[in-house]
Structures are given as structure tokens and as C-alpha cells.
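Construct all of the structure, not just a fragment, from the sequences and the given hints.
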Amino acid sequence: MSTRMVEVRAKVMKQNDLLARALRERFQQQNTCVIGLVSSPGSGKTAFLEKVLAGLARDHGVAALVGDLATENDAARLQRATPNVKQITTGTICHLDASMIERALEGWHLDNVDFLFIENVGNLVCPSSYDLGEELRFVLLSATEGEDKPLKYPTIFNSSDVAIITKMDMADAAEFDLATARRNIESVRPGMKIFEVSSKTGQGMGEVFNFLRAQLARPRTTAPLLEEAAL
Amino acid sequence: MHELSIAISMIDQIAEESASRGGLDVEAVHLRLGVFAGVDKNALLFAYELACEGTPLQGSRLIIETVPLLVYCPVCRQERTPPSVYQICCPECLAPTPEILTGREMEVASLEVAA
Numbered sequence: 001m002s003t004r005m006v007e008v009r010a011k012v013m014k015q016n017d018l019l020a021r022a023l024r025e026r027f028q029q030q031n032t033c034v035i036g037l038v039s040s041p042g043s044g045k046t047a048f049l050e051k052v053l054a055g056l057a058r059d060h061g062v063a064a065l066v067g068d069l070a071t072e073n074d075a076a077r078l079q080r081a082t083p084n085v086k087q088i089t090t091g092t093i094c095h096l097d098a099s100m101i102e103r104a105l106e107g108w109h110l111d112n113v114d115f116l117f118i119e120n121v122g123n124l125v126c127p128s129s130y131d132l133g134e135e136l137r138f139v140l141l142s143a144t145e146g147e148d149k150p151l152k153y154p155t156i157f158n159s160s161d162v163a164i165i166t167k168m169d170m171a172d173a174a175e176f177d178l179a180t181a182r183r184n185i186e187s188v189r190p191g192m193k194i195f196e197v198s199s200k201t202g203q204g205m206g207e208v209f210n211f212l213r214a215q216l217a218r219p220r221t222t223a224p225l226l227e228e229a230a231l
Numbered sequence: 001m002h003e004l005s006i007a008i009s010m011i012d013q014i015a016e017e018s019a020s021r022g023g024l025d026v027e028a029v030h031l032r033l034g035v036f037a038g039v040d041k042n043a044l045l046f047a048y049e050l051a052c053e054g055t056p057l058q059g060s061r062l063i064i065e066t067v068p069l070l071v072y073c074p075v076c077r078q079e080r081t082p083p084s085v086y087q088i089c090c091p092e093c094l095a096p097t098p099e100i101l102t103g104r105e106m107e108v109a110s111l112e113v114a115a
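Chains as they are written, first to last, in the UniProt record's numbering: chain A, 1 to 231; chain W, 1 to 115.
What you were told as hints is all true, and nothing was included just to trick you.
Computed list of lysine-lysine pairs in DSBU-like fashion (alpha-carbon distance at most 30 Å, straight line):
#, chain 1, residue 1, chain 2, residue 2
1, W, Lys41, A, Lys152
2, A, Lys14, A, Lys152
3, A, Lys200, A, Lys152
4, W, Lys41, A, Lys11
5, A, Lys152, A, Lys51
6, A, Lys14, W, Lys41
7, A, Lys86, A, Lys200
8, A, Lys193, A, Lys86
9, A, Lys200, A, Lys51
To give an idea of the chain A side of the interface with chain W (calculated C-beta under 10 Å), a few residues:
#, residue
10, Arg4
11, Val6
12, Val8
13, Arg9
14, Met13
15, Asn16
16, Ile93
17, His95
18, Lys152
19, Tyr153
20, Pro154
21, Ile156
22, Ser187
23, Val188
No lab work stands behind these hints: they were computed from the structure. We treat Cβ as the ideally placed atom computed from N, Cα and C, and that holds for glycine.
Following this line, the structure appears as C-alpha cells:
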């Protein structure tokens, strides 16, 4: 039986990307700076976010969405810093997508929220394919994980805008080679901004706060996280 | 393992395309997949077959064309292929190459349909 070819040229992630675009426009209109956080499980996303929310909450409206397969534990932790926290439990799904963000924001007024943080499921693979409408993506790497994480997971590091090296208070004990880690990050994402922090001691957090506050001063972007192809 | 979610999105996408063209009898799907798309080719092939079950695409073949990583070297002013996915630099002059030209694609290029 003969066949014919039909040209389609359709992005597989079209539905997600359209939703992400609509979210990004909404965030821009409400002047909310939205930051996505990705990392492997246990690298300190929630501890970092606790410190960030507590530090910013004094002068700014802050909110957070936090994704996990199960439990509300992380939301409970973050609610110590702000009541504006919602847990997204994904069941068996290994990543957040734009529709989950849209549903989680239903009934939420972002008008007075300067910063919304979206903590993804701990996973360095799957979240890289899903635009959530965030303005910047932070990838976290803990000093105890080893210097070569960026080389092993180049896609997520390359799709992120800022790298945060966490647990710097444990760097010596873990014999963490900071120079190599920085070189590896630079290798997978040339020019990437890097912060070294300890959520426990507060080391380096001042620079993160300065960076975040500077984001409010600049006009909100509507550009998608990854390159824009015709949707 | 998010390839199953990706396969389901793909099948929805194809169903939409098919419907907009009055219903197609799809025998094969040609997908362009970048090496930097964050999706494993073999896992996607496996997930596609599963996800097609009970849909009009059941029995169709998925043919994946791998799109290589291409970057722009600002020093040589040329398109280049970096040494690897974890060394995003120019293979000639070793300059860092933040600008990625191809490699993130994940698109249904065409459908092979019964004539």
C-alpha cells in the first residue's frame, strides 16, 4: 500500500509552552518576578527557599509553590516564612508542568506578590523539558554532591540561568573542589551566574538577596525560558 | 522517566493535526529530536508504543531523527559542533559558546499516511 508524506512541523510541547507563555504574561502584568528552582533530591532547595522567603518577606510580598511526589512537608516548612505557600503533589509524576502551575494559582491574587518561587520536584532530568512560565531558573548543586554533577546533567544546567552551590559550610568535610565545580558549570553553561551559599550559616545569602532585589528593578521579561519557535 | 508524558503530548498533538486535516490514517510519525531536548530516544520509542495503545495511532511507527548540537562561536563567527554536550565551547578556538543554534528541538516534522 502506498503512503504519502504530510508535513506538520508541530512542537511536541506546544500545549505546555502556550500555557507557560500565558502564565509569563500574567506574571509580567502583575509585576511578579517568578523564579523556578531545580536540583537533585536532597541538595537543599527547601532549606535555601526557607532562608530566601524569610529574608525577602520583611520588605516584599513573597509566595511559593512547591512540588513533590507526596507529602505536604515542604509546604509546612516554608509556611514558617510566609502563609502564601501551596504544595503541589504530583503523585507519580517526576516534574511540574505549566498546567499544574496554572491550577495551583487558581484563586490566588498575585497583585501584591513581588516574588513567586516554584520549587520543582527533586530531579535533574525531566524538569528541563517543561517551561513553567518562570522568568529565571535556578539550578542548585550541593557541595556534598560532587563537582561533576553539571557535566553529568548538562541539559538542566544549560537550560538554567543561575547556579547556586549550596551547603558550602560542609565543603571542607566533603573535600569539595570549588574551582573544579565552577569550571564544570562554566563548561556546560558559559557565562552562568554562580552563587556559593550555606542556608545553615547564611554565608553568601546577602549576594543572592541583592541579585533578587535587582530583578525587581528591571522590566519583567516575557521571553520564554528556552528559545522561541513558532507555536 | 518523563518520556511517557512526552509520548502522550505527542499523540494528542498528532490527533489534533489529523483532525484538522479531516482525519488521517497515520502509518509513521517522523520526529526531530535534539540531543539537548532532555529526552532519551530509546525510552521515547518504548513509551510511544505503550501510549499508542487504544488510540488511532496504534500500530504506527515512530521514526526519530536526531538533531545535533550546533553552537555559534562568537570568535570564529561560525557555526560549530561542540566537543560534547558537557563542553559547550568552540572545538577550534575553545571559546565559550553560550548561543545554542540547534539541539533543543522536539517536533513532529511529518506524518506518513495511507494514500
